Amino acid sequence: MVFRIISVVAYLVLAPILGCLLAGLDRKLSAKMQRRVGPPILQPYYDVRKLFEKEKQSPTRFQDFYIIAYLVFLIGAGAIFFAGGDLLLVIFTETIGSAFLIIAAYSSNSPYAEVGAERELLQMMAYEPMMLLTAVGFYMFHGSFTVHDLISPDRMAFLPMIGLFLGFLYILTIKFRKSPFDLSMSHHAHQELVRGITTEFVGRTMGWIEISHWYENVFILGFIFLFFTNGSVAGCVIGALVCIAAYFLEVLIDNCFARMKWQFAFKSAWIAAIVLGMVNIFILQLMF
Amino acid sequence: MAYVTKSPWVVHYDGSSCNGCDIEVLACLTPMYDVERFGIINTGNPKHADVFLVTGSVNEQNKDVVKQIYDQMPEPKVVVAVGICACSGGVFRDCYNILGGVDTVIPVDCYVPGCAARPEAIIDGVVKGLGVLEAKRAAMLENPPAKAEVAEEAIGEPAEAAEEIEEGGNS
Ligand code: SF4
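Protein chains in written order, with the working numbering: chain L, 508 to 795; chain R, 682 to 852.
Chain L with its partners taken away, still in its complex shape (with noise of 0.2 Å):
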């Protein structure tokens, strides 16, 4: 009990730290390969606290209140992932915290907004399936849904699960809002959309995204370190270097690829879920 609230308390902490560190590597490291000096790695900071600086502005009331609900339901899934909670509990507190996203962006009423809450809920539909394959693979290796059992089995479930491992990384794409599946919002200065669906957010509404973002990169890459975990040290050594490595590989076909459109992002997804994701289940079915 004890080891759980101080993992969850150090979740807390540490967490926006992580997850601001990586925004700014990945700034950092997309600057290089375009050979770029770039932003400081702190830039991710600057950013937020900018925004909290800047003038309070909303078009209704209530979205404030909707994007500090994402914030905490977001928080609240990480936290459960920390606790050693229910895998597939997580999974649905992070899919009430991302409608919450988008009822916030629907409420502004603006065009460009709702076409991005409207692309932000295709990309949903595409990544789900995905994420609740690879809860199911856990359950069918380890006999476990909660994330406690999970992180101190007796075998590594990596290689038994490749399929999923793969599927997932597709699907990380998608969750890290990287270059070909960047539809709803993007990083990066594609404009077609005005800034899809964050265009109404101003000021600090926009830094609790952002800080709403560090801690959620950092708990999905939590399930990256899932497939390691085989109760020894070297299993966390391998599932954090791989954390790292696909951190990595994001970065770099963000900066390989160009935007697809979203049917390409929704097939893709559904067929990387389908092919991947239930052959694997198919063979763990027959294996256990």
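Hints should not be assumed to be uniformly reliable.
What the hints assert, rightly or not - Calculated from the model, a selection of chain L residues having no Cβ within reach of chain R, i.e. all distances over 12 Å:
id, residue
1, F607
2, L673
3, V701
4, G703
5, V709
6, M713
7, F755
8, A765
9, L793
As the list claims (entries may be wrong) - Among the chain R residues that face chain L by a calculated CB cut under 10 Å, a handful are:
id, residue
10, D715
11, E717
12, R718
13, P727
14, P757
15, R818
16, N824
Stated by the list, open to error - Computed far set for chain R versus chain L, every beta-carbon distance over 12 Å:
id, residue
17, W690
18, G725
19, D731
20, E741
21, Q742
22, M754
23, F773
24, R774
25, C776
26, V789
27, C796
28, P800
29, A802
30, D805
31, V813
These aren't lab readings, by the way, just hints derived from the structure by calculation.
As the structure is a prediction and not an experimental result, all values here were calculated from the model.
A virtual CB, placed ideally from N, CA and C, is assigned to each residue, including glycine.
Once you've looked at the hints, dock chain R with the ligand against the given chain L.
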């Protein structure tokens, strides 16, 4: 030091520019000049922007657009007029539909002359604008934003009002 000077996000609007200055603004984003190292991001959204870069002069058609973009930006904000057209109307000054520089419609904090303005000059202009941004931020802390907005309204008002009367107030 205010964080706003460490991450100025820019929105760029092309008035009636010949596109020369726009190309130079875009050149600032290339690896050669890489303004992102100052935390500058070219955003398409006025609601996220701190710096308003205007190229080209203002004409009858786009004066409302310029004004609207300016009004949508949250405080503190600065306007940088890029190119001699944006400063004073430049070679287009005497055209029948040109009002003149950007300062005929909105208050401008920084003028970057040149035809076309060089990327170095544009970056210099934005960095100068950051000083203004910090001063505005300090002023904002002292008196509430609503007050600051009223003051700006007053600057733009007389010309605006006159235009509207001429047009029969069809806005
Ligand atoms: S200042 Fe020169 S280059 Fe710039 S918009 Fe005017 S005419 Fe074109």
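- Query: Hints broken by the structure, by number, lowest first?
  - Reply: Result: hints 3, 4, 5, 6, 16, 17, 18, 19, 22 break, sorted rising.
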